[in-house]
Structures are given as structure tokens and as C-alpha cells.
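All chains, full assembly: derive it from the sequences and hints.
Line order of the protein sequences matches chains A and B. First residue of the first sequence: 422, per the working numbering; consecutive thereafter. First residue of the second sequence: 422, per the working numbering; consecutive thereafter.
Which copy is meant is left open, so a pair is good if it fits within one copy or across any two.
Think about it this way: if two alpha-carbon atoms lie no more than 30 angstroms apart in a straight line, the pair counts; the simulated BS3-like pairs of lysine-lysine are:
#, residue 1, residue 2
1, LYS458, LYS709
2, LYS654, LYS721
3, LYS709, LYS585
4, LYS585, LYS704
5, LYS654, LYS531
6, LYS662, LYS531
7, LYS721, LYS458
8, LYS721, LYS662
Everything labelled a hint here was simulated from the structure, so no lab data went into it. Note that the structure is predicted; figures quoted are calculated from it, not measured.
Number of protein chains: 2
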Amino acid sequence: MLAALILASVAGLASNAHSVEPPAKPVTMQQVLEASKPSDWRRPDPNDTLYLDLPGGRVVIELAPAFAPLHSANIRTLVRARYFDGLAILRVQDNFVTQWGDPDAEDPAKARPFGQARRTVAPEFERAIAPNLPFTRLPDGDVYAAEVGFSHWMPAARDPQAGKTWLAHCYGMVGAGRDNGVDSGSGAELYVVIGQEPRQLDRNIALVGRVVQGMELLASLPRGTGPLGFYEKPDQRLPIKSVRLAADVPQAERTPLELLRTDTSTFTALIESRRNRRDDWYKVPAGKISLCNVPLPVRKPPAQAR
Amino acid sequence: MLAALILASVAGLASNAHSVEPPAKPVTMQQVLEASKPSDWRRPDPNDTLYLDLPGGRVVIELAPAFAPLHSANIRTLVRARYFDGLAILRVQDNFVTQWGDPDAEDPAKARPFGQARRTVAPEFERAIAPNLPFTRLPDGDVYAAEVGFSHWMPAARDPQAGKTWLAHCYGMVGAGRDNGVDSGSGAELYVVIGQEPRQLDRNIALVGRVVQGMELLASLPRGTGPLGFYEKPDQRLPIKSVRLAADVPQAERTPLELLRTDTSTFTALIESRRNRRDDWYKVPAGKISLCNVPLPVRKPPAQAR
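Laid out in C-alpha cells, this is it:
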């Protein structure tokens with residue numbers, strides 16, 4: 422009852438939350454999305470959008486320059502130099518990550534040149550809490566961090582005492598692989614989370630963005646049988662056709678999509694619809710939702726708006 | 422320092438936790454496992470072990486009769502009648518579940534007969550807390566439940582106020598699909614979790630066991646493109662060669678394996694080794710670990726013990 426009232430109030434679906442009438446009918450995620458306004462949605466900046474084109478189709482990645490500006494800039498430089506074209510997916514470790522880059526990165530004679538890109542980038546594992554990193558807090562709690570929520574439309578965490586904030590390793594988040602040195606990552610080798618949230622990686626490596634479409638192409642690959650899930654034979658690797666910035670692709674070849682904003686009452690209502698499922702199947706509403714279980718909806722732009 | 426002392430004490434790796442000497446060298450999971458004793462390991466009961474044989478190899482599932490006795494019994498009956506042989510994997514929904522059963526289950530003319538098995542089984546979504554359901558609590562907290570930990574070697578949760586306990590939907594957990602009716606499941610259609618923990622399913626459906634080997638075979642399948650990830654065309658389904666109880670398979674065809682017990686000081690040390698990683702790569706130990714991130718190690722039995 423309380424949850425329904427909060428929801429109705431937040432979602433604006435009841436005209437008066439103090440009414441003595443019964444609370445508005447509880448809503449499902451689909452109903453929340455159907456009731457959303459055009460202003461609840463955003464289109465990612467083409468300069469922050471990567472197309473990873475694989476034999477099976479396109480993966481769309483949105484970069485997170487607010488959290489990883491140096492890595493994002495270096496990735497743009499690499500992409501514009503066509504660094505990734507013809508490289509490969511090298512590693513698929515079950516319930517952990519899929520990773521791609523240069524199979525010959527360790528061999529100076531064969532490694533692909535970096536051109537104008539930097540070979541190492543300063544660590545961007547966390548940032549100071551600041552006004553340019555707004556934070557919509559999720560009130561449900563978290564095992565790993567004092568506060569969790571969403572910042573720049575991605576799952577994030579904060580430690581107010583330390584004054585730090587960082588992106589969180591949820592399914593679909595993309596990071597820049599590194600060796601033992603904290604500045605040994607560059608964005609030339611990237612990974613995506615394909616299993617249970619490996620939150621122990623938080624604050625230890627730079628997350629640079631999120632897959633917003635095409636996760637199934639990266640999550641359904643055969644697992645590598647070598648240590649850490651690396652493919653043992655070159656012909657097991659999946660070749661990368663190309664990686665492009667959306668801004669560099671002709672309009673007709675772009676993948677139009679819109680993402681639900683995470684700082685709106687619609688998003689709050691969506692979270693509530695998932696915290697306490699209301700379809701006929703669920704018998705015991707969970708009452709809570711963990712950060713990485715909050716869906717971040719993506720849609721094709723409505724026809725009239727194209 | 423504190424963590425290292427607790428670990429050394431728990432793992433028995435320091436002779437005296439009150440020593441003024443520096444704490445024992447922090448250990449990795451590999452070191453914990455190498456220091457384990459034979460008694461830290463157990464072999465699953467062949468009467469509770471299923472072999473799901475697919476074209477790509479064998480998946481080994483351990484049933485959880487302590488939590489789902491009726492479902493376990495019905496699954497054994499179905500398996501012994503070879504109900505599953507020649508059926509198929511029907512559904513793979515990205516970041517959610519892989520599901521298998523009878524493609525013609527809804528068609529009375531074509532559905533495979535149940536024989537002596539029951540078509541519906543009473544719900545076993547949770548159980549009363551009782552001495553036969555011992556619980557090793559994980560002190561790190563949880564978003565969804567008052568208490569989480571391990572019971573009968575599987576991830577579990579408890580609500581002491583309600584006096585209830587239940588298995589938790591972590592990666593690799595196996596459940597019995599059902600329709601809207603709480604008793605509409607039978608074990609004839611099973612699913613396994615292949616993504617971020619769908620903990621909202623807890624207490625809403627019967628978990629019947631856990632995949633202990635071969636998860637990569639179920640997690641790397643092409644995602645279905647129909648609603649809920651069902652395959653749209655019959656030829657997209659992956660055929661099931663057979664499902665057998667290990668007890669019914671000749672010794673030479675069984676898959677020997679041992680699982681780490683979850684009620685030992687070795688398991689406590691293992692959790693600590695994962696809560697605070699100590700290899701050269703990690704810079705900021707997480708300090709906490711969530712239930713579904715705790716590894717449940719499996720090994721081939723040592724040669725001398727076979």
C-alpha cells in the first residue's frame with residue numbers, strides 16, 4: 422500500500438496521493454515506459470558513441486567521458502586511426518568478462534602501432550565528488566559501497582567520507598584492461614562484464630562506458646579454455662570488422678537509439694516497478710533492488726521524432 | 422592489518438593470532454585451496470547428481486533435496502523414465518536464464534508423457550528454519566534478505582523474523598519453471614541463471630539445485646530472439662542428448678568431482694581471500710563480498726583418492 426502510494430505520487434499517475442480513494446493500480450515496467458514522455462529520453466552524443474562491428478552484428482557502446490576523460494580521448498584517437506579494425510576478441514571468461522584488442526600487443530615486432538594515441542593513461546579509477554558528477558541515489562543499499570545510484574546515466578557508487586565516486590562493475594559495463602601498473606591501461610584493450618557483477622574490480626580499473634545495445638553478441642561467445650579465459654588458438658578468436666565513432670559514420674549507417682534518463686520521476690517509477698513486481702506471476706515482491714539489477718531501457722526513437 | 426589477522430587466525434595459518442610478530446603473509450584463493458585438507462572436500466551423492474549431456478559436452482547438476490524434496494523426487498522420476506532425452510534447450514534470455522524442456526509441452530497431442538511423474542508439485546519456494554537446514558552466515562550483508570550464507574553447500578538466505586529460509590538465485594542455480602499457479606511447476610522444465618543474480622525470483626519459484634560443472638555450455642548459447650528469449654524456430658533449439666542420474670551411470674562414465682565444503686575454516690579463509698584480494702594486480706581491496714560472488718570451488722578428486 423505504501424509502495425503503491427509512493428509510486429503513484431512519483432509517477433504522477435494519481436492526481437492526489439493524499440486521496441482517500443484506493444491507490445492507483447500498481448504498474449509494470451512496460452506501463453511505466455508506455456507512459457513516459459519524450460523528455461524522459463535522451464540520445465547519446467555521437468562523439469561518445471562507439472560502434473563495434475562484429476561478424477554477427479553491431480555492438481553500441483556509450484563512453485563515459487565524465488568519469489574517464491583521458492581514456493575516452495585516447496579511445497577516440499585509436500578508433501579514428503582505425504586501430505581496432507581487424508583485431509579480435511581474445512578472451513571470454515565465463516561469468517566474468519569478454520575482452521578484445523591486439524593479439525600481438527606483447528610482441529613489439531608485430532604489435533599494431535599506436536600512432537598519435539598514448540600507450541599509457543593515468544588511472545581514472547575514481548573521481549572526486551563534484552557538481553559535474555550528479556548522482557541519483559538508489560535507496561536500497563549495497564554490499565560494497567556506502568552509496569550507489571546513477572551518474573551520467575550509468576551505475577555508480579560513492580564514498581561521501583572519502584569524497585570519491587566511481588562507476589560500478591555491472592553487467593554490460595566496459596573497462597580498459599591494464600597490467601599491474603595503475604597507469605598501464607590505455608583503452609587499446611577493452612573488456613565488458615558478462616556475468617555476476619565483479620564489484621571487486623571497482624576502484625581498481627578504469628570503467629570507460631557501457632554497452633547499450635548488442636550485449637548478446639559479446640555474452641554468447643564460446644568461453645576460452647586458456648588461463649583467464651583467453652582463447653588458446655588464433656583461429657578461435659572472433660575478428661573485429663571495425664570500430665567507429667558514430668560521429669564519423671554517415672547518418673544512414675548510424676544506429677538510432679534513445680536511452681531513458683536516470684534523473685527523472687519516470688526512472689524512479691521504473692525502479693519501483695522492478696523492486697516490487699506486480700504481474701500475475703510474482704507472489705512475493707522483493708521489496709528491494711540491487712544496483713546492477715536496475716534496467717537501463719533503450720529504444721528506437723519514435724518514428725515521428727526521427 | 423585487522424583483516425590479515427582475522428584471516429590468519431581463521432585459516433590456522435598463524436600459530437598465534439596474539440603474536441607480536443607481523444601477521445602471516447596474506448593469502449590468495451589458490452593458496453587457500455592448496456592448503457586445504459581432504460576433509461574440506463565432499464563428493465556429491467550420485468542420487469542427487471544429474472548429468473545433462475549436450476552436443477557440446479556434459480553439464481553436472483547437484484540437486485538440493487533438503488530445500489526441494491518433492492521437486493527433486495519428481496525430477497529423479499522423470500530422469501529415470503528418460504523423459505528429457507531428445508528434448509531441447511528452448512530459451513536463452515541474455516543476462517537472465519537458459520531453460521530446457523519439452524517444446525511440445527503445451528500440445529496434449531504431442532507432449533511427452535509424464536509416466537509415473539507428477540504434473541504439478543507443491544511449491545517449495547522457501548522452508549521453515551530447522552536443524553536439518555544448517556546455515557553458515559556470510560557477515561557482509563545483502564540488499565534482498567536479512568541474512569545470507571550457505572546451506573547444504575549452496576547460496577541461501579534467511580528471514581529469522583518470519584522463520585523462513587530459501588535458496589538464492591545466484592549464477593548457476595537451477596530452478597523449476599512454473600506458470601502463474603504456484604503449484605504449476607513439476608521439474609519437467611528447468612532453468613539456470615546465466616547473468617546478474619535475479620534475486621527478485623527468490624521465494625517465488627523453486628530452486629532445485631546448482632550447476633557444478635559445465636556452466637559455460639549453458640551460458641554461451643545464442644540468445645533467443647522471441648519474447649522472453651525463446652527460440653523462434655525449432656531448428657534453433659539445442660537438442661538434449663540425455664539426462665541421467667549419476668547413480669544410474671556406470672562408474673567408468675561418471676564425472677568424478679569434489680566440492681569444497683562451505684562450513685569449514687578453509688571456506689571462511691577462501692571468502693576472506695576473495696573479499697580482500699592480495700595479488701599484485703588489486704590496489705584497493707573491496708573489503709566486502711556479496712553472496713553470489715563467493716566462489717564454490719570444484720576439483721577433480723586427487724589421483725590417490727580415486
